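Engineer: Sequence:
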Amino acid sequence: MELEKIYEPQRFEPHWAEWWENSGIYQADPSQPGRPFSLAIPPPNVTGSLHIGHMIGHTEMDMIIRYHRMLGDNTVWVPGTDHAGIATQMVVERELAKEGVSRFDLGREAFEAKVWDWKAQYGGNIERQMRKIGDSVDWTRNRFTLDPGLSRAVREIFVRLYEKGLIYRGEYMVNWCPRCRTALSDLEVNHEDTAGSLWEIHYPVKDQPGRFLTVATTRPETMLGDTAVAINARDERYLDLHGKTVILPLTGREIPIVLDDMADPEFGTGVVKVTPAHDPNDFEAGKRHNLPHIRVINDEAKMTAEAGEAYAGLDRFEARKRVLADLEAQGLLAATKPHNLPVSLCQRCRTVVEPLVSKQWFVKMEPLAKPAIEAVEDGRIQFIPENWSHTYFHWMRNIRDWCISRQLWWGHRIPAWHCADCAGITVSRETPAACQHCQSANVAQDTDVLDTWFSSGLWPFSTLGWPDQTEDLKKYYPTSLLITGFDIIFFWVARMIVLGLECTGEVPFRQVYIHGLVRDAERQKMSKTKGNVIDPLAVTEKYGTDAVRMSLVLAAPPGTDIIASEDRMQAARSFANKIWNAARFLFLNLERAGAEPWAPEEKAFYLPEAIDGTIALEDRWIFSSLNTCAAEVNKAIASYRFHEAANLLWHFFWDDFCDWYIEIKKLRFRDGSGLDANWRNILTVFETSLRLLHPAMPFITEELWQRLCKEIPGRPASISLAQFPQYNDAVKDAEAEKQFALLQEIIGAARNLRADAKLDPKQQLDAHIYCDGPSAELASSQKQAIERLANVSLQVAPSAADRARGGKRSTPEFDLVLSVPAAQLEKQRERLTKEIANLEQVVANSEKQLSNEDFLKKAPEKVLATLRDKLADYRAQLDKSKQALDEL
RNA sequence: GGGCCUGUAGCUCAGUUGGUUAGAGCGCUACCUUGACACGGUAGAGGUCACAGAUUCGAGUUCUGUCAGGCCCACCA
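The first sequence begins at 12 in this note's numbering and counts up one residue at a time.
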């Protein structure tokens, strides 16, 4: 049993990552028994590479799935990637642009082929990365949203919704990105406040020379498409003009003056221009007043012929300048005022989005939202932390129809065929041979593709085989849990709930755990578009995957953002190093002693069924602590308090196991009372710790466990298949915990006295401990441990005995005197004085509290009792401290 | 305009149902190169829990308000 001196995760992590996949141990089998626990991965974009934000989600998912696997549940974690329509298309178009080719040069089919090529070549990146960080997914179930199976699911639900009248096609105002040349849903548009201007423009009233209506606008170029001006019916300034017309400047067109509440008398001039073709509000107003649409801006954001000869072909911003200049020249520009306005940007390319009327496909959301709201209201789906349900409700209750068609080439073609003869639409699961209305064979498929999120919305069940009733679907659906970031609650979570309920009649998942966003040192959101991503692969190379995972888990309590910092990763690597070296210590000693290989039986908890009263105190204590730790870790993971689980383990392993338990065991070895009597207990604790640590730190635990349990017949193939330790009441040993705490206190007191006196740690000092009863027994039985760990020579005496002189530390249980020269006691005097003042305060407070009648009446007996006990302790301590100060 | 979150040690953050001298990691100070580990050990310093009220026997923890940050949603030209 030899372990390399240096902890080098790079040496064994790739090995286990590969082995986990090739051994097939994470392959799910729905025919096996076991409570199902299923997890769908948020499918990352094929174009993507793993960023640190994925890393936290994946770590949490992996932790929970490994945990459930070790509990013996029938687990499945389905991996996969999303075709990510716009994102992927953009990437490939950018590649093409380098060669000076546009997608239009290639044509649709050739372009699609190009994207598939690209995917084959680079799309595997993110999957490789997932393997590298140890995701224990079932790779045999790997899915891609454009797979035939998933595409079939898409068609199925599209047709169903169409047949139910929940998908419709029509001409509406949509967000149009002139660069991507596609419609966008409301969610794909970001609003940013920008410093702009509010221009006031005179519109001459017809037949009333010298009279103007002055409109206020932030987008003067759209005036060329105005078909009315609106005033408010309550606004007496202009009321006499109702029913009259104005002459639209620069065009000479005559347009009506209408009454509409959209004109706010308090804002601007109180008069607003109405451009139904280029503004969502105006579009609605246009409907109310039956106004014509004049489209002056085209798909590429250039002015159309309708805008007039002077402007046709100009870019919209160029046109704005020209319009303003022309108005100025004609004396019609009344004012230019600075004005902040929200500008709508394409989420993908940050181009200013143009509201345009066009023919698109929509999902009618309101009837679908209703059951989706109920599912969360009645708790069939639970958000964790719970307050995210508010966000969800707010959005769902104000839901608007979802524009699902995109004028892209990469994605699911809309399963609708247009007839060239009768113009009818045939929506079908299979490619139709003829128009269902007129039987003409002259049909062509709709050229649009579906919003990427339409297929993602089917993910939890489409990946399990829906619409077929597969074994997977029966066993694993609804999935147990979804772990994701809050940034895609609307995009993805809400849509999955809507479509899941519609498709399967069941919720797609029972719980949604929302983790925080990972931010950088400047608290900036890390995102691909901003380019401030930390490459998780670089940091895993540097610190080891386990360390990165651990550092993120520790930094990610529910409901808070996560600041990724290399400091934390370094600290976590130190922890991994600590584990490694603890293992080295064990292995070295085992070898020295020529110990036989360890042969544990496979059971949930290796601790003894009952505590053998003859085993050493430190064994009883560490068993009991480990037992408690196991209980708490289980509780923490089961309630998604990952940071708490990590924290508990960190503390247990480093402080309890390494700093106390192993240190004491070393003494036993040196005394020669040794290994035989102790090694099995040590290994038991160590092995159990490895299991507890495994979900968070899979690599190092697998590596050490495999070496430790090498060649043991009947052991599981992997630590990840071993049982997760559970609380065992028979192991709880309050007495041992109490005694060990006392031991720690005695040793601490002696060390503290020595340090205060600034004496050489190597110099052995005389110590006297004065105590009776159980304390005296402990001091005697643990004399060696105290002497070695505090480097003293100890004498135990009854509390009534004459006291030696020196540095003194008192507790209710014992007085410890260390033979420190009187000259060295200054620091102690200081400390005692401070302590006395402190204690007096505490005693006074406690007394006050205990003489308060209300408190005595209302506080629970448990609280009263502990306070009484504590007060007695404080008083005793105070007396002792005073006495100690006197004696100095 | 609505809604949500955060403000605790020099830094980054824990602290679930209110319960009694407030915790961790990093950093800092002193000492220790002791046969698992200097990615280590021992002992320390450091906080009126943003501010002001309220509820309560008792508030970092509940409520109200203020201040300071951050985020999300929303068609005001």
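Be aware that one or more of the hints could be misleading.
Said to hold, decoys possible - No more than 27 Å apart at the CA atoms, straight line, and that leaves these computed lysine-lysine pairs for BS3-like:
(1) Lys873 <-> Lys794
(2) Lys891 <-> Lys749
(3) Lys143 <-> Lys553
(4) Lys370 <-> Lys313
(5) Lys298 <-> Lys313
(6) Lys348 <-> Lys332
(7) Lys873 <-> Lys743
(8) Lys298 <-> Lys348
(9) Lys743 <-> Lys646
(10) Lys893 <-> Lys881
(11) Lys130 <-> Lys143
(12) Lys769 <-> Lys893
(13) Lys859 <-> Lys869
(14) Lys749 <-> Lys794
(15) Lys348 <-> Lys313
(16) Lys143 <-> Lys721
(17) Lys332 <-> Lys313
(18) Lys646 <-> Lys313
(19) Lys721 <-> Lys16
(20) Lys769 <-> Lys845
Rather than coming from a laboratory, the hints here were simulated on the basis of the structure. No experiment lies behind these values; they were computed from the predicted model shown.
Engineer: Decide, hint by hint, whether the structure agrees.
Structural biologist: A quick look at each hint next to the structure:
{"no.": "1", "hint": "Lys873 <-> Lys794", "result": "violated, 35 Å"}
{"no.": "2", "hint": "Lys891 <-> Lys749", "result": "holds, 22 Å"}
{"no.": "3", "hint": "Lys143 <-> Lys553", "result": "holds, 13 Å"}
{"no.": "4", "hint": "Lys370 <-> Lys313", "result": "holds, 19 Å"}
{"no.": "5", "hint": "Lys298 <-> Lys313", "result": "holds, 25 Å"}
{"no.": "6", "hint": "Lys348 <-> Lys332", "result": "holds, 15 Å"}
{"no.": "7", "hint": "Lys873 <-> Lys743", "result": "holds, 22 Å"}
{"no.": "8", "hint": "Lys298 <-> Lys348", "result": "violated, 30 Å"}
{"no.": "9", "hint": "Lys743 <-> Lys646", "result": "holds, 17 Å"}
{"no.": "10", "hint": "Lys893 <-> Lys881", "result": "holds, 18 Å"}
{"no.": "11", "hint": "Lys130 <-> Lys143", "result": "holds, 20 Å"}
{"no.": "12", "hint": "Lys769 <-> Lys893", "result": "holds, 23 Å"}
{"no.": "13", "hint": "Lys859 <-> Lys869", "result": "holds, 15 Å"}
{"no.": "14", "hint": "Lys749 <-> Lys794", "result": "holds, 17 Å"}
{"no.": "15", "hint": "Lys348 <-> Lys313", "result": "holds, 26 Å"}
{"no.": "16", "hint": "Lys143 <-> Lys721", "result": "holds, 24 Å"}
{"no.": "17", "hint": "Lys332 <-> Lys313", "result": "holds, 13 Å"}
{"no.": "18", "hint": "Lys646 <-> Lys313", "result": "violated, 61 Å"}
{"no.": "19", "hint": "Lys721 <-> Lys16", "result": "holds, 19 Å"}
{"no.": "20", "hint": "Lys769 <-> Lys845", "result": "holds, 19 Å"}
The earlier numbered hints that this structure contradicts are 1, 8 and 18.
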